[in-house]
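Asks: Read off the chains here:
2 protein chains.
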Amino acid sequence: MYHGNLFIISAPSGTGKTTILKKTIAAMKEIVFSVSHTTRTPRAGEQEGVDYFFIDKDVFLSMEQQGLFLEWAEVHGNLYGTSRSTIQAEAEKGLDIILDIDVQGARQVNEKFKDKGVFIFIAPPSLEELARRLAGRSTEAEAIIATRLANAKEEMKSIDDYDYVIVNDTVEQAVEVLKSIIIAERSRTRRDLSGEPLNLVF
Amino acid sequence: MYHGNLFIISAPSGTGKTTILKKTIAAMKEIVFSVSHTTRTPRAGEQEGVDYFFIDKDVFLSMEQQGLFLEWAEVHGNLYGTSRSTIQAEAEKGLDIILDIDVQGARQVNEKFKDKGVFIFIAPPSLEELARRLAGRSTEAEAIIATRLANAKEEMKSIDDYDYVIVNDTVEQAVEVLKSIIIAERSRTRRDLSGEPLNLVF
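So the sequence lines, in the order shown, correspond to chains G and A. Following our numbering, the numbering of the first sequence begins with 34 at its first residue and continues without gaps. Following our numbering, the numbering of the second sequence begins with 34 at its first residue and continues without gaps.
Hints in this document: simulated from the structure, not taken from any laboratory. A few of these clues could be false.
[What the hints assert, rightly or not] What the simulated footprint calls covered on chain A by chain G, stretch by stretch (three residues with Cβ under 8 Å from a Cβ of chain G suffice, anywhere in the stretch; the number is not a length):
hint : region
1    : 60 to 73
2    : 189 to 196
[Claimed, not checked] Mimicking DSBU-like on lysine-lysine, the simulated pairs with C-alpha atoms at most 35 Å apart in a straight line are:
hint : chain 1 : residue 1 : chain 2 : residue 2
3    : G       : K55       : A       : K55
4    : A       : K190      : G       : K55
5    : A       : K90       : G       : K149
6    : A       : K62       : G       : K212
[Claimed, not checked] Per the computed footprint, the stretches of chain G lying under chain A, defined by three or more beta-carbons under 8 Å from a beta-carbon of chain A, are:
hint : region
7    : 189 to 198
8    : 205 to 212
Bear in mind that the values here come from a model prediction, so they are computed numbers and not experimental data. Ideal placement from N, C-alpha and C gives every residue a C-beta, glycine not left out.
Extracted from the complex, chain G is given alone in its bound form (with noise of 0.2 Å):
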């Protein structure tokens, strides 16, 4: 079986994508998520350094000037952006790594590693669903849900750029979907075949 898979996985605001990479990586073995650096304000028990790297924003423009991010994009009003140096040690020890990114830093991977990239998008069952949802995280005020309603309608026209599509009807059933595409990726003959070691050339 082989490893060293890069799975880029974006969904829109609301959809359960964090819950369900949670638990798939916690079902599996060998795979790690790629913690990225963000300077949105950490929500209620998000830790430092597992959920993202939390830092201010005179600090990431300064780490994207150095050219230290893989790819990087402004959500919501927040920079995201994964660091190559983090990518690279996972990807050193031969681990499957999951990418958690929007859809701007999905088409940024997907220009530098085109093939080698399994590109995963998650969507909700339909925008109506995804509406309440975001309205039940009471967290939130009705025009940020506007906003990222209006954000996710817009994101899903990316849909195309992706290799497969999960559909989060209820978390148990994307988890188990998602485990199958690594489990069925780690099987591609292609990669058997070359042997060939995910090689992040920067």
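Got chain G sorted already, so can you dock chain A onto it with the hints?
Replies: Frame of chain G; chain A shown alone:
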């Protein structure tokens, strides 16, 4: 979730393919096994119309001449063929179909349905292990085992015609991987987006 995929599965004799396919189909929904025609004598426990349609060689050759087979091949001195009408009927129901055919037949299907079929090769852990498993089938003479091993060695060279390879270390694990491949393929965007049903234009 999109259905109507054509899974083409090959494996050297003695690899455990039949057991893996039966267990996988029993555990899943909306997937059927395409029953082949053969001139081979039924083995103990094999049922007409379930495992194969057992027919005489002259009937087989007459069907072949009428163009009734999607693919056919001679394997170990017996003829095996996939009837177009059998597949057509399942495809029209929108079901996923599993074709259990040898590397020659797979090559014929690949030429006809290149981008529609999902090609899966089941491999033994090693040729030594395959020899042990074939010897364990007490029904077969040593000369037949030697032929099967030589054929296996030859068939393994075709692995790069396939999309996936499943190494049958244990049946349980191989079934798990095959199920995962089927679930993953049902989540492909290219199929979801096209919404195109399996179109078997003969």
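Asks: Now look at each hint and say whether the structure bears it out.
Replies: Evaluation of the provided hints:
no. : hint           : result
1   : 60 to 73       : violated (count 0)
2   : 189 to 196     : holds (count 4)
3   : G:K55 / A:K55  : holds, 33 Å
4   : A:K190 / G:K55 : violated, 39 Å
5   : A:K90 / G:K149 : violated, 48 Å
6   : A:K62 / G:K212 : holds, 18 Å
7   : 189 to 198     : holds (count 6)
8   : 205 to 212     : holds (count 3)
The earlier numbered hints that this structure contradicts are 1, 4 and 5.
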